[in-house]
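Make a model of the complete structure from these sequences and hints.
Count along the sequence shown starting at 1, add 3, and that's the number in the numbering used here.
One should not assume that every hint holds.
Unchecked claim - Computed cross-link-like contacts, EDC-like style, restricted to lysine to aspartate or glutamate with a CA-CA straight-line distance of at most 20 Å: (1) LYS86 to ASP62; (2) LYS38 to ASP62; (3) LYS50 to GLU66; (4) LYS38 to ASP81; (5) LYS38 to ASP53; (6) LYS38 to GLU66; (7) LYS86 to ASP68; (8) LYS50 to ASP62; (9) LYS50 to ASP150.
Note that these hints are calculated values from the structure, not bench results.
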Amino acid sequence: SSLTEGIKEVVDSEENETRRWFIAGGLRERQLSGKWVGPVPFGYQRKMGDNADGSRSWDGTLEPDPDEAPIVRRAYSDCLSGKSPSDIAPSLTAEGLTNRGSPWLNGSIRTMLGNPIYMGRLTRYRFRTAAHYFPEGDPRDGKQEMDVSWGIVSPEEWAAAQTMYSGSGGHGVPGPRYPLSGVLRCGTCGARMHGVHNAGGTRYYRCSARTAN
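Here's what the structure looks like:
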């Protein structure tokens, strides 16, 4: 009957929601224990560990890939020299430094420049989606962040790269060019200086370590 079908739909919906919460909770605990969740980002590979029986298997963490990590460093270096993703992507591809066999796209470079994993900060739930989050207000909800030892670039380099583009997470359009960003060094701490501008549009260089804190 229609009543029976309606009840079944409600029960199925509740079971699916409970299952989603269970999975999300498991992923959260895995991430909070320092394990990686999701596709392996470019520049990394799964880190293998030794088992008691002599076999080897993935230990749940990542490590820089010896072939891909230099490409990541190159992209950041090009960014800090003033190049935009539209400059970097075709340049890497032309040199045969592909994105796992595919040409680099501007968006892929922007994502790389904006992902904190490359400075050794594991962040889950950076972007809210219904599939990955608990309901609003649930105590298990919320962005998770922790530092790991998998960084490919320094926190100072990552922070400096963020100032090169407007928008959140490196997804914006190219911002003002500062030719000495990443070249100048702070006279106090030695960290890289990068270009910023104030509300009035005045441009100047600022210590990246100060921004990162």
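Hints, one by one, checked against the model:
1. LYS86 to ASP62: 37 Å, violated
2. LYS38 to ASP62: Within the cut-off at roughly 8 Å; holds.
3. LYS50 to GLU66: OK: LYS50 and GLU66 at ~6 Å, within 20 Å.
4. LYS38 to ASP81: Violated, because 30 Å separates the two Cα atoms, which is more than 20 Å.
5. LYS38 to ASP53: 16 Å, holds
6. LYS38 to GLU66: 12 Å, holds
7. LYS86 to ASP68: Judged against 20 Å, a Cα distance of about 24 Å means the pair is violated.
8. LYS50 to ASP62: Roughly 6 Å separates the two Cα atoms, so the pair holds.
9. LYS50 to ASP150: 17 Å, holds
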